[in-house]
Amino acid sequence: GAGVSQSPSNKVTEKGKDVELRCDPISGHTALYWYRQRLGQGLEFLIYFQGNSAPDKSGLPSDRFSAERTGESVSTLTIQRTQQEDSAVYLCASSRASGDQPQHFGDGTRLSIL
Amino acid sequence: QKEVEQDPGPLSVPEGAIVSLNCTYSNSAFQYFMWYRQYSRKGPELLMYTYSSGNKEDGRFTAQVDKSSKYISLFIRDSQPSDSATYLCAMRVGGNNRLAFGKGNQVVVIP
Numbered sequence: 480g481a482g483v484s485q486s487p488s489n490k491v492t493e494k495g496k497d498v499e500l501r502c503d504p505i506s507g508h509t510a511l512y513w514y515r516q517r518l519g520q521g522l523e524f525l526i527y528f529q530g531n532s533a534p535d536k537s538g539l540p541s542d543r544f545s546a547e548r549t550g551e552s553v554s555t556l557t558i559q560r561t562q563q564e565d566s567a568v569y570l571c572a573s574s575r576a577s578g579d580q581p582q583h584f585g586d587g588t589r590l591s592i593l
Numbered sequence: 003q004k005e006v007e008q009d010p011g012p013l014s015v016p017e018g019a020i021v022s023l024n025c026t027y028s029n030s031a032f033q034y035f036m037w038y039r040q041y042s043r044k045g046p047e048l049l050m051y052t053y054s055s056g057n058k059e060d061g062r063f064t065a066q067v068d069k070s071s072k073y074i075s076l077f078i079r080d081s082q083p084s085d086s087a088t089y090l091c092a093m094r095v096g097g098n099n100r101l102a103f104g105k106g107n108q109v110v111v112i113p
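Protein chains in written order, with my numbering: chain A, 480 to 593; chain B, 3 to 113.
It should be emphasised that the hints constitute simulated quantities derived from the structure, not laboratory data.
Fair warning: this is a prediction, and the values are worked out from it, not measured in the lab.
Just to be clear, a hint being listed does not mean it is correct.
For lysine-lysine, the following DSS-like pairs were computed, each having C-alpha atoms within a straight-line distance of at most 25 Å [to be verified]: (1) Lys536(A) with Lys4(B); (2) Lys58(B) with Lys69(B); (3) Lys44(B) with Lys490(A).
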């Protein structure tokens with residue numbers, strides 16, 4: 480079985496542009512998470528999905544950030560009007576269900592804002 | 003004070019040595035504790051997953067949790083060059099889905 484798949488693996492864009500990052504979770508995993516890893520920092524939680532609803536979006540840093548998920552499958556994280564401080568690796572994880580199941584990560588999208 | 007503190011290192015050890023890593027935390031509600039290994043330009047890979055205090059062993063890896071001291075450790079025995087990576091501690095409250103991570107500890111095992 481494939482692991483968590485993220486695309487693109489790298490994205491370079493100009494300040495002010497919108498970007499869309501995609502995550503394809505492990506098949507059968509109903510829970511999906513987005514984290515951000517800035518250089519020299521630990522992973523920061525952004526948002527959690529159970530199915531296609533997002534019971535916890537408290538980690539989204541501003542209203543420029545949004546995410547959606549279709550069914551129990553692909554999720555997209557959208558950053559509007561990107562700023563240089565948005566440069567980071569955006570990591571997606573999935574787990575069998577919410578609660579006590581371990582989270583398995585993809586390799587991330589490395590986002591650079593010029 | 004950050005929820006999870008982890009000295010980022012780096013830590014260099016000779017091949018065959020024991021690697022000792024640790025994290026401290028401030029939230030006494032944390033119940034689940036994890037160690038992830040992250041190679042350069044890759045996602046974190048789950049190494050150890052423990053609940054409550056005590057030791058858990060898996061091959062060359064031992065995870066320890068001391069909830070009374072809010073302190074967790076990871077030991078790697080007989081370290082190999084392939085163990086060179088960044089090790090991240092993570093933890094969460096039971097029934098809550100967000101993980102709180104340490105900054106990560108870069109380990110280099112020298113052949």
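How the hints compare with the structure:
no. : hint                    : in the structure
1   : Lys536(A) with Lys4(B)  : holds, 20 Å
2   : Lys58(B) with Lys69(B)  : holds, 14 Å
3   : Lys44(B) with Lys490(A) : holds, 15 Å
Going down the numbered hints, you'll see the structure goes against none, and every one checks out.
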